[in-house]
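Chemist: Chains as they are written, first to last, in the UniProt record's numbering: chain H, 1 to 230; chain W, 1 to 230.
In short, the hints are calculated from the structure, not lab data. Worth double-checking, as some hints may not be accurate.
[Stated by the list, open to error] Sample of chain W residues at the chain H side, in silico, Cβ under 8 Å: (1) Tyr81; (2) Pro92; (3) Val96; (4) Met98; (5) His99; (6) Thr137; (7) Gln141; (8) Ser142; (9) Ala146.
[Claimed, not checked] Examples of chain W residues lying across from chain H (beta carbon under 10 Å, computed): (10) Ser42; (11) Gly44; (12) Asn70; (13) Val103; (14) Arg109; (15) Ile110; (16) Met154; (17) Met171; (18) His175; (19) His180.
Think of the CB as a built atom: it goes at the ideal place given N, C-alpha and C, for glycine as much as any other residue.
Protein chains: 2
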Amino acid sequence: MRREEYRNWRHLFKLDPDKLINDEHLDRICLSGTDAIMIGGSSGVTFENTVELLSRVRRYSLPCVMEISNMDSIVPGFDLYFIPVVLNSRQPDWIVGMHQQAVKTFGHRIPWEMIVPEGYCILNPDCEAARLTDSQTDLDQSDVSAYAKLGEQMFQMPVIYLEYSGSFGDMELVHEVAQHLNHARLFYGGGIVDVHTATEAAAAADTIIVGNIVYENLEAALQTVQVKTE
Amino acid sequence: MRREEYRNWRHLFKLDPDKLINDEHLDRICLSGTDAIMIGGSSGVTFENTVELLSRVRRYSLPCVMEISNMDSIVPGFDLYFIPVVLNSRQPDWIVGMHQQAVKTFGHRIPWEMIVPEGYCILNPDCEAARLTDSQTDLDQSDVSAYAKLGEQMFQMPVIYLEYSGSFGDMELVHEVAQHLNHARLFYGGGIVDVHTATEAAAAADTIIVGNIVYENLEAALQTVQVKTE
Chain H
1 MRREEYRNWR
11 HLFKLDPDKL
21 INDEHLDRIC
31 LSGTDAIMIG
41 GSSGVTFENT
51 VELLSRVRRY
61 SLPCVMEISN
71 MDSIVPGFDL
81 YFIPVVLNSR
91 QPDWIVGMHQ
101 QAVKTFGHRI
111 PWEMIVPEGY
121 CILNPDCEAA
131 RLTDSQTDLD
141 QSDVSAYAKL
151 GEQMFQMPVI
161 YLEYSGSFGD
171 MELVHEVAQH
181 LNHARLFYGG
191 GIVDVHTATE
201 AAAAADTIIV
211 GNIVYENLEA
221 ALQTVQVKTE
Chain W
1 MRREEYRNWR
11 HLFKLDPDKL
21 INDEHLDRIC
31 LSGTDAIMIG
41 GSSGVTFENT
51 VELLSRVRRY
61 SLPCVMEISN
71 MDSIVPGFDL
81 YFIPVVLNSR
91 QPDWIVGMHQ
101 QAVKTFGHRI
111 PWEMIVPEGY
121 CILNPDCEAA
131 RLTDSQTDLD
141 QSDVSAYAKL
151 GEQMFQMPVI
161 YLEYSGSFGD
171 MELVHEVAQH
181 LNHARLFYGG
191 GIVDVHTATE
201 AAAAADTIIV
211 GNIVYENLEA
221 ALQTVQVKTE
């Protein structure tokens with residue numbers, strides 16, 4: 001795929017290497033019409049389970065990208081690598097620290113043209129990602145818009161990612177943040193469980209990411225792809 | 001001035017609004033042949049002393065830029081605004097926090113085309129800037145190179161700034177960091193006290209910044225401008 005193709009994506013399935021999915025379900029996900037598969041998760045992600053999932057998704061023709069959560073699980077062979085920069089973390093490790101360690105470790109071998117930095121704002125205080133990254137989630141609309149604008153303008157981030165993992169977010173806030181962005185792509189994830197929530201989220205953000213529901217209710221998950229034709 | 005002009009600068013004088021400089025000395029600094037005046041400091045910088053120093057420098061035709069250290073001292077009328085992002089700070093405030101607050105406060109009024117983000121690495125543990133920003137200064141060459149590369153590639157920073165404020169840095173390290181950069185400009189500051197140190201620093205970095213010596217030994221400071229013709 002061409003690098004910039006991701007800017008046209010409206011719908012992604014995010015698959016967690018640490019969760020089981022059988023061949024039939026994976027087949028239906030990959031043939032669903034979604035724009036791409038993103039592989040990544042907050043915990044239990046290893047080189048082994050990532051490479052295994054990648055090889056299964058690679059039987060299909062759609063793009064497959066990795067969202068990197070730790071250095072040990074980086075697998076070659078993805079189309080792109082998305083790198084979270086957690087703008088509202090209280091720990092520099094999640095903003096620049098682990099990234100610096102990765103650059104120190106991999107150096108010249110990093111294919112920068114395949115890297116897509118994501119300016120994350122994690123907004124559900126009860127999710128694992130928020131706990132892991134010690135994120136400051138008590139933010140109002142103007143706080144989040146300021147993080148988004150900062151990510152876009154100061155750090156030239158091509159993607160701003162509003163993450164409500166485990167709960168459906170404040171769509172008014174998401175819509176407002178979108179108004180503040182000029183060229184960054186706005187990703188939204190969290191609590192998309194059916195075509196209704198998918199439609200709402202897709203009306204506010206540029207790209208929606210559908211995750212957990214894949215493992216909980218496959219039929220409902222598959223229906224979210226309808227946002228692509230709306 | 002055109003925005004991109006700063007990429008040709010070899011030598012800057014950094015003047016601290018909190019320090020006194022008489023008209024004769026300022027005259028000699030501004031007519032020295034330096035590429036530009038940068039106004040900024042770690043402490044005691046206010047709107048009042050900044051606007052006063054700006055108006056005095058504005059009698060001369062050379063570019064005058066501000067390096068912002070706090071939100072209250074931002075004065076309109078500079079040619080460019082340099083914004084430090086302290087990559088090796090242990091406090092998110094110095095990486096994204098204060099910046100987010102500034103975007104929240106100023107919003108649409110921020111002239112992004114006049115903003116130049118600087119990826120700082122503060123490397124002298126005994127300087128005020130290191131204490132203020134709680135910087136992790138115990139870094140080797142590969143650590144600093146990784147921060148620099150991260151700033152350039154992941155955050156698209158146009159300037160990487162190695163700051164040894166108060167002491168002359170490790171020129172081998174500075175030279176090595178320069179080798180890792182493709183398009184970012186490498187700024188060096190700290191301990192430049194005469195033409196000899198200036199020449200050494202200018203051989204390693206793209207742009208050198210001469211600060212304290214202006215207030216301690218004007219003649220020696222003026223001689224550092226010779227690096228421009230070497």
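Chemist: Each hint should be assessed against the structure and marked as holding or not.
Modeler: Results for each hint:
Given hint, Tyr81(W) at the interface with chain H, is violated; its Cβ is 11 Å from that chain's nearest Cβ, farther than 8 Å. Proximity of Pro92(W) to chain H holds as hinted, the smallest CB-CB distance being about 6 Å (cut-off 8 Å). Interface hint status for Val96(W): upheld, as the beta-carbon distance to the closest one in chain H is roughly 6 Å, under 8 Å. The closest approach between the C-beta of Met98(W) and any C-beta of chain H is roughly 10 Å, which is over the 8 Å cut-off, so the hint fails.
With a cut of 8 Å, the hint placing His99(W) at the interface with chain H holds, because the nearest CB-to-CB distance is about 5 Å. Annotation: interface hint on Thr137(W) violated; nearest CB of chain H at approximately 14 Å, more than 8 Å. Evaluation of the Gln141(W) hint against chain H yields a violated restraint, the C-beta minimum of about 10 Å exceeding 8 Å. With its C-beta approaching chain H no nearer than about 5 Å, Ser142(W) sits inside the 8 Å limit, and its interface hint holds.
The restraint placing Ala146(W) at the interface with chain H holds, with a minimum CB-CB distance near 4 Å, inside the 8 Å limit. The interface hint given for Ser42(W) is violated, since its Cβ lies 20 Å from the closest Cβ of chain H, which is over the 10 Å cut-off. Below 10 Å, beta-carbon pairs count as interface contacts, and Gly44(W) has none with chain H, the closest being about 26 Å; its hint is therefore violated. The closest approach between the C-beta of Asn70(W) and any C-beta of chain H is roughly 17 Å, which is over the 10 Å cut-off, so the hint fails.
Interface restraint check: Val103(W) against chain H, minimum CB-CB distance 4 Å, threshold 10 Å, status holds. Checking Arg109(W) against chain H by beta carbon gives a least distance of about 12 Å; that is not within 10 Å, so the hint is violated. Because the beta carbon of Ile110(W) sits about 8 Å from the nearest beta carbon in chain H, less than 10 Å, this interface hint is met. Here the hint on Met154(W) is kept, as its CB sits about 5 Å from the closest CB of chain H, short of 10 Å.
For Met171(W), the shortest C-beta to C-beta distance to chain H is roughly 21 Å, which exceeds 10 Å, and the interface hint is violated. Of the supplied interface hints, the one on His175(W) is violated, with its beta-carbon coming no nearer than about 17 Å to a beta-carbon of chain H, more than 10 Å. For His180(W), the interface hint holds, since its Cβ comes within 10 Å of a Cβ in chain H; the closest pair sits about 9 Å apart.
When held up to the earlier numbered hints, the structure conflicts with 1, 4, 6, 7, 10, 11, 12, 14, 17 and 18 and fits the remainder.
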